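Listed in order, the protein sequences are those of chains G and E. Residues 54 to 281 (my numbering) make up the first sequence, in order. Residues 54 to 281 (my numbering) make up the second sequence, in order.
One thing to keep in mind: the hints can contain errors.
If several chains are the same, the list does not tell them apart, and a pair holds so long as it fits within one copy or across any two.
Claimed, not checked - When the alpha-carbon atoms are kept at most 30 Å apart in a straight line, the in silico DSSO-like pairs for lysine-lysine are as follows:
| no. | residue 1 | residue 2 |
| --- | --- | --- |
| 1 | Lys261 | Lys115 |
| 2 | Lys61 | Lys261 |
| 3 | Lys248 | Lys229 |
| 4 | Lys61 | Lys248 |
| 5 | Lys229 | Lys193 |
| 6 | Lys229 | Lys61 |
Source of the hints: derived by calculation from the structure; they are not laboratory data. Note that this is a predicted model, so its numbers are computed, not measured.
There are 2 protein chains.
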Amino acid sequence: MELQTFLKSRMPLFRGLEDRQIEALASICVPADYPKGRTIFLEGSQAQGLYVVMSGQVKIFKLSLEGREQIIHIYGPGEPFGEVPVFEGGRFPANAEATADSRVLFVPRDGLRRLLENDSTLAMNMLAALSRKLRRFTVKLENLTLKETPQRVAAYLLDLSDRSGGAAEVTLDISKGHLAGLLGTAQETLSRVLKRLSEAGLIRVRGKHIDILDPDGLQAVSDGDDRL
Amino acid sequence: MELQTFLKSRMPLFRGLEDRQIEALASICVPADYPKGRTIFLEGSQAQGLYVVMSGQVKIFKLSLEGREQIIHIYGPGEPFGEVPVFEGGRFPANAEATADSRVLFVPRDGLRRLLENDSTLAMNMLAALSRKLRRFTVKLENLTLKETPQRVAAYLLDLSDRSGGAAEVTLDISKGHLAGLLGTAQETLSRVLKRLSEAGLIRVRGKHIDILDPDGLQAVSDGDDRL
DNA sequence: ATTCCAGCTTGATCCAGGTCAAGGCGCGCG
DNA sequence: CGCGCGCCTTGACCTGGATCAAGCTGGAAT
Numbered sequence: 054m055e056l057q058t059f060l061k062s063r064m065p066l067f068r069g070l071e072d073r074q075i076e077a078l079a080s081i082c083v084p085a086d087y088p089k090g091r092t093i094f095l096e097g098s099q100a101q102g103l104y105v106v107m108s109g110q111v112k113i114f115k116l117s118l119e120g121r122e123q124i125i126h127i128y129g130p131g132e133p134f135g136e137v138p139v140f141e142g143g144r145f146p147a148n149a150e151a152t153a154d155s156r157v158l159f160v161p162r163d164g165l166r167r168l169l170e171n172d173s174t175l176a177m178n179m180l181a182a183l184s185r186k187l188r189r190f191t192v193k194l195e196n197l198t199l200k201e202t203p204q205r206v207a208a209y210l211l212d213l214s215d216r217s218g219g220a221a222e223v224t225l226d227i228s229k230g231h232l233a234g235l236l237g238t239a240q241e242t243l244s245r246v247l248k249r250l251s252e253a254g255l256i257r258v259r260g261k262h263i264d265i266l267d268p269d270g271l272q273a274v275s276d277g278d279d280r281l
Numbered sequence: 054m055e056l057q058t059f060l061k062s063r064m065p066l067f068r069g070l071e072d073r074q075i076e077a078l079a080s081i082c083v084p085a086d087y088p089k090g091r092t093i094f095l096e097g098s099q100a101q102g103l104y105v106v107m108s109g110q111v112k113i114f115k116l117s118l119e120g121r122e123q124i125i126h127i128y129g130p131g132e133p134f135g136e137v138p139v140f141e142g143g144r145f146p147a148n149a150e151a152t153a154d155s156r157v158l159f160v161p162r163d164g165l166r167r168l169l170e171n172d173s174t175l176a177m178n179m180l181a182a183l184s185r186k187l188r189r190f191t192v193k194l195e196n197l198t199l200k201e202t203p204q205r206v207a208a209y210l211l212d213l214s215d216r217s218g219g220a221a222e223v224t225l226d227i228s229k230g231h232l233a234g235l236l237g238t239a240q241e242t243l244s245r246v247l248k249r250l251s252e253a254g255l256i257r258v259r260g261k262h263i264d265i266l267d268p269d270g271l272q273a274v275s276d277g278d279d280r281l
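Using the sequences and the accompanying hints, generate a full structural model.
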């Protein structure tokens, strides 16, 4: 079955499970399609389970009263989201919205908890997954509070490059508006920073494609070197 | 035994465990004393286990290259910290230091993992604990990126009051310098904000004791009302 | 009691970056 | 082919809050 293959091969969370566990899991999951822009859940609403991106892209974000948006994370295929209320509190701590046409797997809370209680492999995987998210939060908090915007942009680009094996050309998988939201800045500021980095000869921007001309220089900016 | 009593009664993490599990746990834990100002672990160092505050106070924080400090959390008695590397990565994502003379329980990684694999109650407790931390991170990120300093201060005071049952007088359990670090601002700014809140008749500050004179007004400030 | 000092307050200055406003640019669609 | 609409860039301005620089204060140590 299609779904079982996905669970086994594409999802670190379910790595190492026995086939009959995968079957049990597959039998309780429900896939659903969300068009770009559609809300998946709202902050504060009651959760019935968690979600996994199968295809497309989902943003998790907070809104201020004035409407400013802080993106907490953007998830792609294979990544779970909305786990918190499964284990604590029952309500979502933030909002989720599809940023592209997406297929999303829903995993009901009760069934998942039953599986977790009987399978320590799954439980350890889940503990690792939550720990990874805590680690990312730490990094994000550090970036947002201890780094200036150019540092954050440089760090983001380097991270993107690293994750594609140190490639000299990276492709933004999200719009620049979303990137600004993710980096905790205004779109205008991001635009200006990219320009400055270009003028300094560190990068070249062509739409969503960015050439990293000087990785070391970019690293220096990321580390706080004020060369502009 | 003293230690077992502490584990059973003072720690949500170990709530609901059977006595023989508690015994097993107690037998692998090691308490240690840290004077005020002593480092407990450094970011990036290899972790051998997690910690639990028995008495005193511990701050978890990040440092920028220039030496600015962002406090991520401050933990008191009963609260665990440093869990992340037990389940993922192996290295601490931030620094920990005692902010008061403290007794801290060390729980070795391997023993803990063995217990977790054999006891789903403990595993579910741990999942809940990590989820609670993720939720707090979400709130913290929201406060730091979407709220201005006066809003953060007001929110902190109200939270403090709520946690002591809505008391009209709250006592800061940390120094104002640390509070500034926790709220992502400079000590000078915090001082000025407290003064403004006092002059607006919302609070009265006497050292570490703060009277909340106008909870509704404070709530309004916390929600972004620009009354100063 | 006097000194000392960490912790706090107050004042003055400066700047990163948010906001408002006005175009460009590219692309899908009629 | 050109119209319209997101999305992005550029410019001008303004402000929250960081930083630098003095004092102040209260309690611990002698």
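What are the numbers of the hints that this structure violates, sorted from low to high? 2, 4 and 6
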